[in-house]
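> Line order of the protein sequences matches chains A and B.
Just so you know, the first sequence maps onto residues 1 to 317 in my numbering.
Just so you know, the second sequence maps onto residues 1001 to 1320 in my numbering.
Warning: the hint list may mix true and false statements.
To be verified - Quick look at which bits of chain A chain B covers, simulated, 3 or more residues with Cβ under 8 Å:
1) 220 to 227
2) 271 to 283
Unchecked claim - Pulled a few chain B residues facing chain A out of the computed Cβ check, cut under 8 Å:
3) D1012
4) F1088
5) V1118
6) P1143
7) H1150
Treat the hints as calculated values from the structure; they're not laboratory data.
Keep in mind that this is a model prediction, so the values were computed, not measured.
Beta carbons are placed, not taken as given, at the ideal position from N, Cα and C, and that holds for glycine.
So you can see what is in the structure, the chains are spelled out below.
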Amino acid sequence: MKWIKRGLFFEPGRHRLPYGCTEFAQSPQALVFDDFVRIYFSTRARDAGGQYVSHIAFVDTDRHLRQILRTSTGPVIAQGALGCFDEHGIFPINVVRHAGTIHAFTCGWSRRVSVPVETAIGLAVSHDDGLTFERVGPGPVLGPSPSEPFLVGDPFVLVRDGRWHMWYIFGKSWTACPAEPGPARVYKIAYASSSDGRVWERDGAPIVADVLGDDECQALPTVIECDGVWHLYFCFRYSTDFRTNPRRGYRIGHAWSRDMRRWTRDDAAGGLGLADEGWDSEMLCYPHAFRCDGQAYLLYNGNAFGRDGFGVAVLEQ
Amino acid sequence: MFAWRKQGRVFDPTTIAHADWMNEFAQGPATLVFDDFVRVYFSCRPKADANGQYESRSAFVDLDRADLFRIVRFAPQPVLPLGGLGEFDEFGTYPITVARHGDEVRAYYGGWTRCASVPFDVAIGFAVSRDGGVSFAKQGRGPLLGADLHEPFVLSGPKVRRFGDRWYLWYIAGSKWIPTEGRAEPVYRIRMATSSDGMHWERLHRDIVPTRIEADECQASPDVVFANGKYHMFFCYRYSLGYRGRERGYRIGYASSTDLVSWTRDDDRVGIDVSAEGWDSEMISYPHVFELDGRTLMFYLGNQVGRHGFGLAELDGVLS
């Protein structure tokens, strides 16, 4: 796979966003319309206590991802209710068009006491062509299970041949780390499937081999088919000292499969590396692959987890 | 109306120096009957931490089958470990319900974690004992029944039963948190799930006992027993706010059913109320009804939701 980077595409500081957000456009996720492409992302505001909450916004672009047409002006999905799994925000949102409906699988998060955060996967639907979403219920569609004790999140869903396929992550461990801002978490990519998008079967087994050892953190899977081969992109990092140390932060990983089940990791064949300088020279994270007019695109974030926005790469034909 | 004759308090952890982790509270009594003793599981607490916060531990006390006021043995250790960092049961296991299954004893329990915007969340865990119920091994690090689309938080108070070849779980599910000046308070109601193997559960996804005292009535401890052709449920209920005193605190309620799914509430029949004075004069809660040697008995909690242990009542006649 050879991706040609076009560079930083959407810079949140240059646009007017809801909630007064001026930085962070994280985890871009595309939905293709007849005459434009909508890219949802998570941005941040601070609450009354000065702590971050995540909000979903979107930007509409032309179908070549060259021009920005408009940004969302109001809430895309309401904040979660008091005590709910997504009370403090959604990050990311994965939007799926299927049989005339638009579903969103959300990674909702809420603050905890002994660890900073817990996440679970929610489900919402749009009744206005993707402008806004309503939750199907106040709780998660996929939360912790006996074999996945916490941090179930980062859903990416494809519907193929009547079956709903989800790649997502779950937490394996939280470890106290006095030298870090908080406990260190380790999470891995897993797979679930469903006949209706609501009831999911899963076995809690990691599907992607580690290259950094047992404590490798794997996040935000995205899957795209090219010539009969399935390609899984994700980001991965060390479990500690990853926030500002460019040698230990997120990179884009890659694995391939012919059956969507058994994956062979091959990062080098993934074809997306750090730039020598600039906005994506220290970190690469939160990839999202999709197709429009036959062209495969990869959206992704760069340094500082997407503080400056997201970029676009195109697959060389 | 049923006629429960109160027999007095069986066990008060605050008067017994058994272990640091059994300093006070003996909540959510649940029995497992042996040949010559009755094991009563409950959840207790060590002293609160520097921030005034409690952990809860699950334990048991063995009572002489011929004299339930005679304590034979205490659990040497809590029957369940607390969960690890970030796990759903990191800060407590309360309550616990048990059922024999072949040579095993199975336990379902509420696991407690602490949240930032609300004080806690609860999900239901599963553990198995192969030593007759002295210690239980958790079946996985996460919950068996956690939040789902329509039950967003506070899944707690499990009571497991087997009728015929089906497993039944009555539990409570939270529907909202009410912000108050101090901490947020949850509203929860009784629900149920069924299973063919005790591990894969189908939830009914609806409140099965109507509210009586207010729309936000909180219900807990749905304890079901079969007698004389129908199912009898004893549970407890209280107001959602200001519930720490006599006026609005827990009382025991009653409902019955012939099909386990449709329940008719009839608190007028319950036949047990707070006493005029003493250890159960302000509230009564967490009933557990069981039959023993031809008697119908109830363990229940008194004031401060069991801070000073549980007592025993005996039914005159039979449940009908």
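> Hint by hint, note whether the structure agrees.
Checked hints:
1. Proximity of the stretch 220 to 227 of chain A to chain B, defined as three or more residues with a beta carbon under 8 Å from a beta carbon of that chain, is not established by the 0 residues found.
2. For the stretch 271 to 283 of chain A, the proposed coverage by chain B is not satisfied: 0 residues have a C-beta within less than 8 Å of a C-beta in that chain, short of the threshold of three.
3. With its C-beta approaching chain A no nearer than about 31 Å, D1012 of chain B sits outside the 8 Å limit, and its interface hint is violated.
4. The interface hint given for F1088 of chain B holds, since its Cβ lies 6 Å from the closest Cβ of chain A, which is under the 8 Å cut-off.
5. The interface hint given for V1118 of chain B holds, since its Cβ lies 4 Å from the closest Cβ of chain A, which is under the 8 Å cut-off.
6. Because the closest C-beta pair between P1143 of chain B and chain A is about 6 Å apart, less than 8 Å, the hint holds.
7. For H1150 of chain B, the shortest C-beta to C-beta distance to chain A is roughly 5 Å, which falls under 8 Å, so the interface hint holds.
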